[in-house]
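Chemist: As they're listed, the protein sequences go chains C and R.
The first sequence begins at 1 in my numbering and counts up one residue at a time.
The second sequence begins at 460 in my numbering and counts up one residue at a time.
Source of the hints: derived by calculation from the structure; they are not laboratory data.
Please note: incorrect hints may appear among the correct ones.
To be verified - Lysine-lysine pairs mimicking DSSO-like chemistry, simulated, CA-CA at most 30 Å apart: (1) R:Lys613 x C:Lys214; (2) R:Lys811 x C:Lys210; (3) C:Lys97 x R:Lys758; (4) C:Lys299 x R:Lys475; (5) C:Lys62 x R:Lys901; (6) R:Lys669 x C:Lys210; (7) R:Lys556 x C:Lys352; (8) C:Lys97 x R:Lys556; (9) R:Lys613 x R:Lys577; (10) R:Lys751 x C:Lys97.
Protein chains: 2
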Amino acid sequence: MNEKIKQALIDIVGAKNYTDDLIDMVSYSYDGSQHKHRPTCAVWPETSQHVSEVLVLANVEKIPVVPRGAGTGLSGMAIPVKGGIVLDLSHMNAILKISIEDRLAVVQPGVVYADLEKVLLPHGFFFPPDPASGTVATLGGNVATNAGGLKGAKYGTTRDYVLGLQVVLPDGRIMRTGSKAMKSVSGYDLTRLFVGSEGTLGVVTEITLKINPKPTATSTALATFNNLDDAGQAISQIMYSGIIPSALEILGRHTILAINQNTDLNLPEVDAMLLVETDGYTQQETDYQIQKVIEVFAKNNPREIKQAQTEEEAQELWIARKSAYGVLARIKTHFVLEDVTVPMANISNLLKGVEAIAEKHNLQIASYGHAGDGNLHPQILYDGYDPDEVQRVETACADLFQLAIDLEGTLTGEHGIGLSKASYMTLEHDPVAMDVMRTIKKGFDPNNILNPGKMALEG
Amino acid sequence: MNEKIKQALIDIVGAKNYTDDLIDMVSYSYDGSQHKHRPTCAVWPETSQHVSEVLVLANVEKIPVVPRGAGTGLSGMAIPVKGGIVLDLSHMNAILKISIEDRLAVVQPGVVYADLEKVLLPHGFFFPPDPASGTVATLGGNVATNAGGLKGAKYGTTRDYVLGLQVVLPDGRIMRTGSKAMKSVSGYDLTRLFVGSEGTLGVVTEITLKINPKPTATSTALATFNNLDDAGQAISQIMYSGIIPSALEILGRHTILAINQNTDLNLPEVDAMLLVETDGYTQQETDYQIQKVIEVFAKNNPREIKQAQTEEEAQELWIARKSAYGVLARIKTHFVLEDVTVPMANISNLLKGVEAIAEKHNLQIASYGHAGDGNLHPQILYDGYDPDEVQRVETACADLFQLAIDLEGTLTGEHGIGLSKASYMTLEHDPVAMDVMRTIKKGFDPNNILNPGKMALEG
Numbered sequence: 001m002n003e004k005i006k007q008a009l010i011d012i013v014g015a016k017n018y019t020d021d022l023i024d025m026v027s028y029s030y031d032g033s034q035h036k037h038r039p040t041c042a043v044w045p046e047t048s049q050h051v052s053e054v055l056v057l058a059n060v061e062k063i064p065v066v067p068r069g070a071g072t073g074l075s076g077m078a079i080p081v082k083g084g085i086v087l088d089l090s091h092m093n094a095i096l097k098i099s100i101e102d103r104l105a106v107v108q109p110g111v112v113y114a115d116l117e118k119v120l121l122p123h124g125f126f127f128p129p130d131p132a133s134g135t136v137a138t139l140g141g142n143v144a145t146n147a148g149g150l151k152g153a154k155y156g157t158t159r160d161y162v163l164g165l166q167v168v169l170p171d172g173r174i175m176r177t178g179s180k181a182m183k184s185v186s187g188y189d190l191t192r193l194f195v196g197s198e199g200t201l202g203v204v205t206e207i208t209l210k211i212n213p214k215p216t217a218t219s220t221a222l223a224t225f226n227n228l229d230d231a232g233q234a235i236s237q238i239m240y241s242g243i244i245p246s247a248l249e250i251l252g253r254h255t256i257l258a259i260n261q262n263t264d265l266n267l268p269e270v271d272a273m274l275l276v277e278t279d280g281y282t283q284q285e286t287d288y289q290i291q292k293v294i295e296v297f298a299k300n301n302p303r304e305i306k307q308a309q310t311e312e313e314a315q316e317l318w319i320a321r322k323s324a325y326g327v328l329a330r331i332k333t334h335f336v337l338e339d340v341t342v343p344m345a346n347i348s349n350l351l352k353g354v355e356a357i358a359e360k361h362n363l364q365i366a367s368y369g370h371a372g373d374g375n376l377h378p379q380i381l382y383d384g385y386d387p388d389e390v391q392r393v394e395t396a397c398a399d400l401f402q403l404a405i406d407l408e409g410t411l412t413g414e415h416g417i418g419l420s421k422a423s424y425m426t427l428e429h430d431p432v433a434m435d436v437m438r439t440i441k442k443g444f445d446p447n448n449i450l451n452p453g454k455m456a457l458e459g
Numbered sequence: 460m461n462e463k464i465k466q467a468l469i470d471i472v473g474a475k476n477y478t479d480d481l482i483d484m485v486s487y488s489y490d491g492s493q494h495k496h497r498p499t500c501a502v503w504p505e506t507s508q509h510v511s512e513v514l515v516l517a518n519v520e521k522i523p524v525v526p527r528g529a530g531t532g533l534s535g536m537a538i539p540v541k542g543g544i545v546l547d548l549s550h551m552n553a554i555l556k557i558s559i560e561d562r563l564a565v566v567q568p569g570v571v572y573a574d575l576e577k578v579l580l581p582h583g584f585f586f587p588p589d590p591a592s593g594t595v596a597t598l599g600g601n602v603a604t605n606a607g608g609l610k611g612a613k614y615g616t617t618r619d620y621v622l623g624l625q626v627v628l629p630d631g632r633i634m635r636t637g638s639k640a641m642k643s644v645s646g647y648d649l650t651r652l653f654v655g656s657e658g659t660l661g662v663v664t665e666i667t668l669k670i671n672p673k674p675t676a677t678s679t680a681l682a683t684f685n686n687l688d689d690a691g692q693a694i695s696q697i698m699y700s701g702i703i704p705s706a707l708e709i710l711g712r713h714t715i716l717a718i719n720q721n722t723d724l725n726l727p728e729v730d731a732m733l734l735v736e737t738d739g740y741t742q743q744e745t746d747y748q749i750q751k752v753i754e755v756f757a758k759n760n761p762r763e764i765k766q767a768q769t770e771e772e773a774q775e776l777w778i779a780r781k782s783a784y785g786v787l788a789r790i791k792t793h794f795v796l797e798d799v800t801v802p803m804a805n806i807s808n809l810l811k812g813v814e815a816i817a818e819k820h821n822l823q824i825a826s827y828g829h830a831g832d833g834n835l836h837p838q839i840l841y842d843g844y845d846p847d848e849v850q851r852v853e854t855a856c857a858d859l860f861q862l863a864i865d866l867e868g869t870l871t872g873e874h875g876i877g878l879s880k881a882s883y884m885t886l887e888h889d890p891v892a893m894d895v896m897r898t899i900k901k902g903f904d905p906n907n908i909l910n911p912g913k914m915a916l917e918g
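All chains should be modelled from the sequences, with the hints used to inform the complete structure.
Modeler: Structure, rendered in structure tokens:
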């Protein structure tokens, strides 16, 4: 960064909130994806006013600005691929207000998901999206990526809980969107235009979230199936049974094998395992629902059905699912965690297609995911130092995205487009929709300073 | 309409789908609001292609186009205030697909809400927003206005259920937004930008909706309170009790009096009545929840608490609430039905403020609404042939909107801005947000042909 701009940034945020040290620049060159690129400097703004002044400067000087939370994103949206300034919002981490009677929380973007959970728990409330990275990820990142998680089938994603925002626009103007009221139809829904926009339209500096009372009862059951068609039938029939599980997870054969090789869980080595949780306020309610699920399991040639009789047994059933990511991540030097999503009835076809892609490209792909909302996470394991294997992973990803679109699905259910899927946007979106997105981007950010290079917005 | 354009429209939609008959023009000059203005002609498109060709023509000739469903909107969004073409979408009324296993319905915009309900019911499913006008209102109108209803506290509004759209843009281009998958974070959320945009950005020609399994059990209870503070305390404490009622309705004193004067219900003539429904799959679950509510009632000096013991008794408790609108509508020659919305803890202050406004302007205002999401419907009854009273209603509305904003609320929870509240947009939205909305409108519709004069987008 040239000295004049460096000094201007220091004048805005203070010397302690500015860095261009090599070690910091290397740290900011990564996120949870396989991409990397160093920024020129990073700043830690402490107020919306800091954010505004940094953006005014960057907009005049046409310097890229990449907003960043905890950097847990899996699609490279926090990578400063064009260099410039990383705007690390982690110091803006105050919980500004909890109002149980109004069913809302007001937070700064740097608040970690789990820290909000801790504050809500004594009130019997929670913020439902529950991303797997919740112990580290920030709420600003949740909003920027529209984060989802295990409970999406019943509770939806971050988008469904954002009531209002304070946003700093690329030209430094500060605005409020939405309302503290539970619902509003006053003007365009600017709030949800920012949710999932991956830091390309503005920088979120305050978030008003709807919160929910936490269910007080759960029931949990698991079934294994010798073949995918039976598991697919079971998923469809659960949807027909008239209940929405709070979680409906699927693990494929290669995930099960990997878990068995790396733990003492001794799962049956079958094609698919389904794990279901139902929730409510009374045990009668959750048992009623889980019985519906077990009836469906029983009709579809299960190898085995297990119902947890205690909270401890339920936790044991969840261990396999929750260990999948970590166990698989250790198998090879590198991995890509995908998250294609299809209408629920197509999930077994998606799983079969993934297996065919693995075979075609001679790759190890283990699948698991949220069958309850059609979101599969194929985890592609590979040796990142083998150029041929890296190439095969890229081709396999392209095949996977085409498969998801062929099955009437989407490139990404919860990880976002970022860098990883930018070049596939046109597979999913027609030329008119692409043009509309680019027109919106240009309207907000004519100098293209905010998180450039993401989401194919420059095409 | 000049002959050349008339002929061009007939060439597009066919002679049977074009009208400029006086009786039709008078019909299309009204909607559910107090506004009126005649269009020049109306067309009934039968396909997206028809819509596209009409818009291409109108865009070249710079003729206003007002999309219209059943015309039940209460804020004048379907009034052709600048004349031009009414695009009546009621003939595009096919239910294209119901897929229970994928939890979705695909419909054309002219499908009436209740007709979708009828098709879903045998499957045990429903589309939760449940607007009060559901027997008449179309789903296209629900989407354009982000319709809500009695069950908003637990189930949200239309926005929460729209997965994807087909939209015709003002220049005639046709695009798809969203996905058939339950969740997607692929690109900007164009879908929700159209939801609630009141026909100012594009014409929706196909809607993909998320549907829910219908709860199979309910419990219902009612309490009356001698003063508003007690009722307000009860509402707040219900939120703290850890449950979300499927309905939590409030009726104010003047509504209760009017119901008593016009029916045989003999309600106690108190300051406030709260009516609560809980839902679930088992009676144990709904009773557990209603007991929590009754405990709260009991702690707040109720005059009376009633719990329905049978479905018939529950229906009886609901009669008072459901008769309010009709009973009040008959009292004077005209009425305005407002729908300001505030954070829940402020609803009793809102009710008190409404009473003060009624007194100040010597008007009859009866209030009721959805306390569970802070949405109050003050129904202002007046003689529309008395210019002085009309003027006082306008001033009272201005006071009401200011009150809602002062109580951290919004101008409209579910009726929309349309014409009625266009001039109050700047009370709620800061100049930056207003500018952003106008920039979006200009980007989509540079010639301002789509539903001009609404939402203060031309300011």
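Chemist: Now tell me, hint by hint, if it's right for this structure.
Modeler: How the hints compare with the structure:
1. For the hint pairing Lys613 of chain R with Lys214 of chain C, the CA-to-CA distance comes to about 13 Å; that is within 30 Å, so the pair holds.
2. In summary, the hint linking Lys811 of chain R to Lys210 of chain C is supported, as the alpha carbons are separated by about 26 Å, within the 30 Å threshold.
3. In summary, the hint linking Lys97 of chain C to Lys758 of chain R is supported, as the alpha carbons are separated by about 27 Å, within the 30 Å threshold.
4. Restraint check for Lys299 of chain C and Lys475 of chain R: not satisfied, since their Cα atoms lie roughly 54 Å apart, outside the 30 Å limit.
5. At most 30 Å may separate the alpha-carbon atoms for a hinted pair to count; Lys62 of chain C and Lys901 of chain R meet this at roughly 25 Å.
6. Pair hint Lys669 of chain R plus Lys210 of chain C holds up; C-alpha atoms about 20 Å apart against a cutoff of 30 Å.
7. In summary, the hint linking Lys556 of chain R to Lys352 of chain C is supported, as the alpha carbons are separated by about 26 Å, within the 30 Å threshold.
8. For the hint pairing Lys97 of chain C with Lys556 of chain R, the CA-to-CA distance comes to about 44 Å; that exceeds 30 Å, so the pair is violated.
9. Proximity of Lys613 of chain R to Lys577 of chain R is assessed by CA-CA distance (about 22 Å); at most 30 Å being required, the pair is judged to hold.
10. This hinted pair checks out: Lys751 of chain R and Lys97 of chain C have alpha carbons roughly 26 Å apart, not beyond 30 Å.
Violated hints for the displayed structure, listed by number in ascending order: 4 and 8.
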